[in-house]
Amino acid sequence: MSTTYDPYAGSRQTTEGRVYTVTGGDWDQTLGVDLSGEERLVVNMGPQHPSTHGVLRLVLDLEGETVTKARVVIGYLHTGIEKNVEYRNWVQGTTFVTRMDYLAPLYNEAAYCMAVEKLLGIEVPQRAQTIRVLVMEINRIASHLVGLATGGMELGALTGMTNGFRERELCLDLLEEITGLRMNHAYIRPGGVAQDLPPGAEESIREWLAVMPERLTGYHRLLTGQPIWQRRLKDVGYLDLTGCVALGVTGPPLRATGLAWDLRKVEPYLGYETYDFEVATADTSDAWGRFLVRMAEMFESLKIVAQALDRLEPGPVMVEDRKIAWPAQLSLGADGMGNSLEHVRHIMGTSMEALIHHFKLVTEGFRVPAGQVYVPVESPRGELGYHVVSDGGTRPFRVHVRDPSFVNLQATAAMSEGGMIADVIAAIASIDPVMGGVDR
Amino acid sequence: MTGPGDRSGADASRGAAAPSGGFRKGAFGVAGSGDTSGFGGLVRVEPGGAVALHSTDRPYGGWFDEVTDALVEAVGEATYAAAVRRVLVDRGEITYFVAREHLLTVVQALRDDDALRFELCSSVSGVDYEDSGGPETTPGRPRLHVVYHLTSMTYRRRIRLEVAVTAEDPHVPSVSGIYPTADWHERETYDMFGVVFDGHPALTRILMPDDWDGHPQRKDYPLGGVPVEYHDATIPPPDTRRAYR
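Residue numbers (UniProt numbering), protein chains in the order written: chain Y, 1 to 440; chain P, 1 to 245.
Keep in mind the hints are simulated off the structure, nothing from the lab. Misleading hints may appear alongside valid ones.
Claimed, not checked - To give an idea of the interface, some chain P residues facing chain Y are shown, with a C-beta separation under 7 Å as derived from the structure:
(1) R58
(2) D90
(3) T154
(4) P238
Said to hold, decoys possible - Here are some chain P residues the structure puts well away from chain Y; computed CB gaps all over 12 Å:
(5) T79
(6) L88
(7) E93
(8) A99
(9) E119
(10) H149
(11) E168
(12) G194
(13) R205
(14) Y230
(15) H231
Glycine included, every Cβ here is placed at the ideal spot set by N, Cα and C.
Hey, can you work out the whole structure from these sequences and the hints?
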């Protein structure tokens with residue numbers, strides 16, 4: 001028997017036979033026991049595990065190293081964002097939804113704001129739409145790079161990780177320059193975007209556009225031709241078109257089956273129908289195909305960013321309607337970014353009505369006509385849909401997020417049962433779930 | 001639109017603090033004051049007014065009629081009349097309010113019929129219309145709504161189905177047999193709203209811990225306050241804090 005007592009290890013009799021709990025370091029308790037009956041090994045992976053792509057818990061039934069059953073347990077990152085938003089006004093909602101899928105924050109903001117705008121029945125100025133496309137596509141590259149980097153790390157390709165995060169920093173530097181924050185920007189607001197592009201941002205984006213193709217090609221040199229990388233991904237996590245549609249899987253896993261289903265093309269929004277880009281597909285239906293799709297999508301996003309930059313024309317970035325547009329603007333002062341002194345002078349010194357207006361809109365917010373809408377956008381992970389219900393008040397009555405990670409993660413069992421335990425990691429990495437979006 | 005100096009508009013709304021007909025005037029909830037902001041002229045719907053109490057008349061416009069005709073043909077006129085209680089076209093989206101007894105028939109037809117082909121179930125979620133105004137404001141009113149968003153990848157169309165049940169009898173047939181993707185969506189809706197999906201393979205909590213009490217996204221779920229170490233003060237729960245209504 002073991003010399004130390006482990007309260008978590010031991011054995012107990014159940015209706016299905018004797019069950020031994022093994023936590024490691026206590027093998028002498030189970031060695032030599034009678035295993036003449038049916039042997040079933042259940043392994044718990046996560047939620048704190050470096051290879052489960054976040055706080056994801058997997059319960060795997062094993063037969064040798066073959067997975068016979070994979071169960072996914074989620075909810076470890078549930079923060080009740082959907083409920084929280086019901087107690088904030090419509091503009092504040094942006095700061096909450098941006099924290100759901102934290103690797104694609106701008107997609108959350110854009111989809112939420114487009115839903116609010118659809119409820120309000122307002123049209124966003126052209127420049128704001130172009131800026132939204134611009135920052136979203138930069139965000140898509142950053143998100144795919146993290147997917148590649150963490151996926152690489154989980155499969156042991158550590159150079160993929162360090163390089164992926166290196167290039168992602170370039171994207172985040174740009175987003176920081178434009179929005180003020182690396183992540184959780186709250187940059188896209190109902191009615192437009194919070195601020196216009198700062199001076200110098202266009203040059204920075206052009207410099208980035210000049211650097212990125214070479215950097216992204218580096219991943220083809222580093223990973224695509226590499227035999228180990230290929231063998232870890234090819235024929236792993238197979239899920240064909242029928243399986244994808246039945247399980248609601250969208251995004252790169254769906255496009256890796258050969259179906260060019262991209263909401264930017266099939267249900268264009270923000271003027272995506274006017275941009276020239278291809279929908280990347282693969283026909284392998286496996287983790288390898290998903291890798292290729294993500295690689296190709298990053299190059300397509302670069303094309304879109306370049307086009308968006310070229311068509312930027314001076315103009316407002318927020319709706320003209322002063323009953324919706326945020327009254328205050330930030331401006332760059334001697335001590336950094338802060339409240340616009342001009343605006344403060346206006347409301348404090350010259351116009352009582354402007355002060356009342358500012359106060360009302362900031363503390364109370366605007367009202368949104370009653371009704372409900374569903375607005376989907378193509379996030380890096382698939383269809384991100386916002387179902388927003390208004391009762392006519394200053395706060396959302398209900399915001400439900402159809403997060404692509406949440407739905408795609410359901411395919412884990414279909415992708416990994418019958419395969420090797422090591423391939424479970426590759427399969428989940430190829431879904432690229434973000435637990436902040438899964439659990440919300 | 002009542003302008004800042006339009007006295008007649010302000011006089012008309014004076015004394016009309018009590019809402020009538022589910023509508024109230026004034027963007028900031030202001031009635032009868034010397035509101036100079038110009039926001040007083042907006043008409044807003046009372047809480048719960050989001051529940052459609054009326055039906056849109058035919059023709060619905062666009063492809064909405066095509067889909068509706070195909071659905072009538074697929075399930076039969078009698079079943080359609082019994083199944084679809086109301087149809088609402090709003091903001092370019094169509095919503096069918098379906099009786100739960102016929103939900104599976106309707107959903108099966110929507111997925112399989114050649115003229116409909118809603119292959120993808122994008123989302124299933126709930127909405128709690130606890131404060132619902134209107135004729136259904138009676139005990140045992142169907143306050144819990146289950147909302148289905150279906151997508152036709154063939155025709156590139158989206159529709160919404162809505163099923164309303166009472167909190168006392170929150171049973172809805174599970175569509176997970178027709179759309180396997182509804183599995184987790186229905187578990188989440190059960191977890192958050194307490195809607196029981198009959199026929200679901202394993203209806204357990206998914207986001208909250210297994211031993212959690214109550215269903216957090218119901219509107220009457222107690223939110224709790226934050227105790228403060230000062231003269232027994234507490235920060236009140238968000239729904240009882242002073243707020244603009």
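Practice prompt. Measuring Cβ to Cβ, find out whether E93 (chain P) lies farther than 12 Å from everything in chain Y.
Written response: Answer for E93 (chain P): violated, closest chain Y Cβ roughly 6 Å.
Query raised in the report: Looking at Y230 (chain P) again, its CB stays over 12 Å from all of chain Y?
Result: Correct as stated: the minimum Cβ-Cβ distance to chain Y is 23 Å, above 12 Å.
Assertion that E119 (chain P) lies farther than 12 Å from chain Y (Cβ): Violated, because the least Cβ-Cβ distance between E119 (chain P) and chain Y comes to about 5 Å, which does not exceed 12 Å.
query: Is the nearest Cβ of chain Y still more than 12 Å from the Cβ of A99 (chain P)?
result: A99 (chain P) is indeed farther than 12 Å from all Cβ atoms of chain Y, at 20 Å.
**Prompt:** Taking the closest pair, is the beta carbon of G194 (chain P) still more than 12 Å from chain Y?
**Reply:** Its Cβ never comes within 12 Å of chain Y, the nearest being 14 Å, so this holds.
With a cut-off of 7 Å, does the beta carbon of R58 (chain P) approach a beta carbon of chain Y closely enough for the hint to hold?
Violated - the Cβ of R58 (chain P) stays beyond 7 Å from chain Y, reaching only about 20 Å at its closest.
**Item:** Least C-beta distance from E168 (chain P) to chain Y larger than 12 Å
**Value:** holds (21 Å)
- Query: Does the claim that R205 (chain P) lies outside the interface with chain Y hold up, using a Cβ gap greater than 12 Å?
  - Reply: Given a closest Cβ separation of 8 Å, the condition is violated.
Notebook entry, point to check: Is the shortest C-beta separation between D90 (chain P) and chain Y less than 7 Å?
Noted result: Since the shortest Cβ distance to chain Y is 5 Å, the answer is holds.
H149 (chain P) non-interfacial with respect to chain Y [C-beta, more than 12 Å] = The claim breaks: H149 (chain P) does not keep its Cβ more than 12 Å from every Cβ of chain Y (closest is about 5 Å).
Review point. For H231 (chain P), which was marked as not at the interface, is the minimum beta-carbon distance to chain Y over 12 Å?
Key: Answer for H231 (chain P): holds, closest chain Y Cβ roughly 25 Å.
Should the interface hint for P238 (chain P) be scored as holding, given a Cβ-Cβ cut-off of 7 Å against chain Y? With a minimum Cβ separation of about 4 Å from chain Y (threshold 7 Å), the hint on P238 (chain P) holds.
Checked against the numbered hints above, the structure breaks hints 1, 3, 6, 7, 9, 10 and 13 and satisfies the rest.
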